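Chemist: The chain contents come next:
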Amino acid sequence: MQTVTIKNLTKKFGSSVAIDNLSLNIEKGKITGLIGADGAGKTTLLRTIIGLLLPNEGEINVLGFDPKTQKDELNLHIGYMPQKFGLYEDLTVLENLKLYADLKGVAHDFDKMLEFTTLAPFQDRLSGALSGGMKQKLCLACTLLGNPEFLLLDEPSVGVDPISRRDLMKMVREMITSETTVLWSTAYLDEAHSFDTAVVIDKGKVIYEGKPHDLAPTPQEFENKVIDLMGGYNQEESLIAKNYDYKAPDV
Amino acid sequence: MKILLALIKKEIKQILRDPSSIVIAFILPIISITIYMFGINLDSVKITMGIKNDDNSPEVATLVKSFGHSKYVSSINFDNMEDIKTAILSSKIKGAVIIPNDFSSKLSRGQKADLLVITDGSEVNTANYVQSYANMIANQWLLTSKYRGKIQRPIINTETRTWYNPDLNSHYFIVPGSIAITMTLIGILLTSLVIAREWERGTMEALLSTKVRAIHIVLGKYIPYFILGMLSTAFNMFLCVCIFKVPFRGSYFMFFLISGIFLFTSLGIGLMISTALKNQFMASMVSISLGFMPALMLSGLMFPINSMPVFFQYLTMIIPPRYYISFIESEFMAGGVNEIRLANAFYLTLLGLLLFAGVYKKTQMRLQ
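Going down the list, the sequences are from chains A and B.
With my numbering applied, the first sequence covers 1 to 251.
With my numbering applied, the second sequence covers 1 to 368.
What the hints contain is simulated information worked out from the structure, not anything from laboratory work.
For clarity, every value in this text was computed on a predicted model and none was experimentally measured.
There could be a bad hint or two in this list.
[Said to hold, decoys possible] Quick list of in silico lysine-lysine cross-link-like pairs, DSS-like style, CA-CA up to 30 Å:
1. A:K98 with A:K112
2. A:K84 with B:K2
3. A:K98 with B:K2
4. A:K98 with B:K361
5. A:K84 with B:K361
6. A:K68 with B:K106
7. B:K2 with A:K71
8. B:K85 with A:K98
9. A:K98 with B:K362
10. A:K71 with B:K362
11. B:K361 with A:K112
12. A:K30 with A:K170
13. B:K106 with B:K85
14. A:K30 with B:K211
15. B:K92 with A:K112
16. A:K112 with A:K170
17. A:K7 with A:K205
18. A:K98 with B:K278
19. A:K12 with B:K362
20. A:K12 with B:K278
21. B:K106 with A:K98
22. A:K7 with B:K85
23. B:K9 with A:K84
24. B:K361 with A:K68
25. A:K84 with B:K13
26. A:K28 with B:K211
27. B:K106 with B:K211
28. A:K71 with B:K106
29. B:K362 with A:K68
30. A:K112 with B:K278
31. A:K84 with B:K362
32. B:K146 with B:K278
33. A:K84 with B:K112
34. A:K68 with B:K13
35. A:K205 with A:K112
[Claimed, not checked] Pair by pair, the computed Cβ-Cβ distance ranges are:
36. A:G64 with B:S289: 36 to 44 Å
37. A:G64 with B:I22: 46 to 54 Å
38. A:D38 with B:A343: 55 to 63 Å
39. A:D109 with B:I22: 18 to 26 Å
40. B:Y360 with A:L229: 27 to 35 Å
Ideal placement from N, C-alpha and C gives every residue a C-beta, glycine not left out.
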């Protein structure tokens, strides 16, 4: 059973094509990794799936709703964590949780959530004063409120230390039910290897859709395969390589 | 309703934890009123005066004409005192000259003739100009009239009556006027930042994926800042009346009612700027240029509107503080006039509702 069905989706910003005639199915009850380099179109795709952006062409069905016309109804069933999540830094940890619970119209056991996310000792601290990893945990906790059917996470582990990354993954796996669908956008390929399904996109097109283990058995090999799919790594063309090899001319 | 209450609670907490809001609401009035009280002195240039001529002699008709020919004065003729009162209250004229029916006969007999000059004390400097212009024009006319040979000084006695502010204390209208400035700052400057801040900090994207609707976002911004603005208005009023002892002759109920309408309009301007620009720096610049500066310079508080070039006189008609300052002056000085209350409240309500509708329509529930 599919949570998301996308057919021939195109999204343009002016003359720039962000999503290019993309078709995709996302299976219910699975964690799907949305993988791609910066600018590949991951954020645009997530935003279009939940109706925050309107597509130029194509059809989308999410949990039986059309996000173009039924965004408000769809919002009742999803949890969306944007890349730059909207924490109110002048509200405390607990106040942020309570606010998002009210805005989603859900009752929640905040003590349990705070305990589980290890944020309980900091519940009265302003969220602006939290470390980067703790902020992300709080963002994820706000997103998970109300146990949404479909969870969309836009690069939640960016800028987070490896321990906190594992914590975030653990939080998601333990808080969701077998019916919950997760779409987790990431640029970290080792992280993506642990998902049920991987969707690799490049320049707004799907270039791989399947189980990560089917592509490669280990995270390292998976990374190499995905890079190959994206056209391979050309050291000579790499900006970093160019800069690394750069030598100042003799005066 | 629960969503709206949650947003209002959130906004109030943010206001209370943001020192700049508190400074603008409660510290700025102290600074602003003190400056207006002790630091501001105003001049005026062009004045419109009313003339009521009860003397039908042809010679006196030339005196009436000379009030209209002055570079500094224009004149409007009136038949009765009620119309003069209404014209002064509505700022159509800044004073009036009453020529009694025995004026020419007294001059013919070489006697002292009285000329009554009425000035509007709610604008002190203008009142002084009215008095001196009337004196000057009358005496110049006398030197060219047929009575010049009969001069026995003082042949024209100008008796001045100052309405509404007999002490001619300019602080009595400048200080209340500063309430309009503070309310403009709260209404436009603070709110111009709030929606832009949500976009800049990324909180709007998260809000848009919850049950929040456009009306929640709009009311969630209007209501907390309305409360802050009204608290600040009450504080301003306390400073004016209790600390600086400015006489208040109007109705407190009407004052707070129309102040609320003005605040509603100002909030609309600020939120419209914020909604349209989505950038705090740009929003603050635009709100100062389009909101605060016109309130200060074109509202009639600092410079009389009728002394401005014609283009700017028309421009003032779309500036809400113009109407609020007209209302405040009347409420403080004259004790409130229903025609003025109604006219100003009508315009402010109309503009406020248009802005509210505009802000609601402009509030995006999707990204672009």
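Chemist: Run every hint past the structure and note whether it holds.
Modeler: Quick rundown of the hints versus the structure:
1. The suggested pairing of K98 (chain A) with K112 (chain A) holds, with an alpha-carbon distance near 13 Å, which does not exceed 30 Å.
2. As the CA atoms of K84 (chain A) and K2 (chain B) are separated by approximately 26 Å, the hinted pair is consistent with the 30 Å bound.
3. For the hint linking K98 (chain A) to K2 (chain B), the alpha-carbon distance of about 12 Å falls within 30 Å, and the restraint holds.
4. Under the criterion of a C-alpha separation no larger than 30 Å, the hint pairing K98 (chain A) with K361 (chain B) is consistent with the structure, at around 29 Å.
5. Proximity of K84 (chain A) to K361 (chain B) is assessed by CA-CA distance (about 26 Å); at most 30 Å being required, the pair is judged to hold.
6. For the hint pairing K68 (chain A) with K106 (chain B), the CA-to-CA distance comes to about 87 Å; that exceeds 30 Å, so the pair is violated.
7. Among the hinted pairs, K2 (chain B) with K71 (chain A) is consistent with the structure: their alpha-carbon atoms are about 20 Å apart, no more than 30 Å.
8. Simply put, K85 (chain B) and K98 (chain A) have alpha-carbon atoms about 59 Å apart, too far for the 30 Å limit, and the pair is violated.
9. Note on K98 (chain A) and K362 (chain B): the hinted pairing holds, with a Cα-Cα distance of about 28 Å set against a maximum of 30 Å.
10. Of the pairs offered as hints, the one joining K71 (chain A) and K362 (chain B) holds, with about 18 Å between alpha carbons and a cut-off of 30 Å not exceeded.
11. Proximity of K361 (chain B) to K112 (chain A) is assessed by CA-CA distance (about 40 Å); at most 30 Å being required, the pair is judged violated.
12. At most 30 Å may separate the alpha-carbon atoms for a hinted pair to count; K30 (chain A) and K170 (chain A) meet this at roughly 15 Å.
13. Proposed proximity of K106 (chain B) and K85 (chain B) is supported: the alpha carbons are some 27 Å apart, at most 30 Å.
14. Using a Cα cut-off of 30 Å, the hinted pair K30 (chain A) and K211 (chain B) holds, with the two alpha carbons roughly 25 Å apart.
15. This hinted pair does not check out: K92 (chain B) and K112 (chain A) have alpha carbons roughly 69 Å apart, beyond 30 Å.
16. Between the alpha carbons of K112 (chain A) and K170 (chain A) the distance comes to roughly 15 Å, so the proposed pair stays at or under 30 Å and holds.
17. With a C-alpha separation of about 12 Å, the suggested pair K7 (chain A) and K205 (chain A) falls inside the 30 Å cut-off, and the hint holds.
18. Taking the CA atoms of K98 (chain A) and K278 (chain B), the gap is near 26 Å; set against the 30 Å cutoff, the hint holds.
19. For a cut-off of 30 Å, the pair hint linking K12 (chain A) to K362 (chain B) stands: about 22 Å separates their Cα positions.
20. Only pairs whose Cα atoms come within 30 Å are accepted, and K12 (chain A) paired with K278 (chain B) is accepted, the gap being roughly 22 Å.
21. The straight-line distance between the Cα atoms of K106 (chain B) and K98 (chain A) is roughly 85 Å, outside the 30 Å bound, and the hint therefore fails.
22. Our distance criterion of 30 Å between C-alpha atoms is broken by K7 (chain A) and K85 (chain B), whose separation comes to about 75 Å.
23. Under the criterion of a C-alpha separation no larger than 30 Å, the hint pairing K9 (chain B) with K84 (chain A) is consistent with the structure, at around 23 Å.
24. This hinted pair checks out: K361 (chain B) and K68 (chain A) have alpha carbons roughly 18 Å apart, not beyond 30 Å.
25. Between K84 (chain A) and K13 (chain B) the CA atoms are separated by roughly 22 Å; this keeps the pair inside 30 Å, and the hint holds.
26. Taking the CA atoms of K28 (chain A) and K211 (chain B), the gap is near 23 Å; set against the 30 Å cutoff, the hint holds.
27. Between the alpha carbons of K106 (chain B) and K211 (chain B) the distance comes to roughly 83 Å, so the proposed pair goes past 30 Å and is violated.
28. Under the criterion of a C-alpha separation no larger than 30 Å, the hint pairing K71 (chain A) with K106 (chain B) is inconsistent with the structure, at around 86 Å.
29. With a CA separation close to 19 Å, the supplied pair K362 (chain B) and K68 (chain A) stays within the 30 Å bound.
30. At most 30 Å may separate the alpha-carbon atoms for a hinted pair to count; K112 (chain A) and K278 (chain B) exceed this at roughly 37 Å.
31. For the suggested pair K84 (chain A) and K362 (chain B), the alpha carbons sit about 23 Å apart, so the restraint of at most 30 Å is met.
32. Taking the CA atoms of K146 (chain B) and K278 (chain B), the gap is near 71 Å; set against the 30 Å cutoff, the hint is violated.
33. Only pairs whose Cα atoms come within 30 Å are accepted, and K84 (chain A) paired with K112 (chain B) is rejected, the gap being roughly 84 Å.
34. The suggested pairing of K68 (chain A) with K13 (chain B) is violated, with an alpha-carbon distance near 35 Å, which exceeds 30 Å.
35. Proximity of K205 (chain A) to K112 (chain A) is assessed by CA-CA distance (about 41 Å); at most 30 Å being required, the pair is judged violated.
36. With their beta carbons about 49 Å apart, G64 (chain A) and S289 (chain B) fall outside the hinted range of 36 to 44 Å.
37. The hinted range of 46 to 54 Å is satisfied by G64 (chain A) and I22 (chain B), whose Cβ atoms lie roughly 48 Å apart.
38. Remark: the range hint 55 to 63 Å for D38 (chain A) to A343 (chain B) is upheld by a beta-carbon distance near 59 Å.
39. In this structure the supplied range 18 to 26 Å is violated for D109 (chain A) paired with I22 (chain B), their Cβ-Cβ distance being about 35 Å.
40. Under the hint 27 to 35 Å, the C-beta atoms of Y360 (chain B) and L229 (chain A), about 47 Å apart, miss the expected range.
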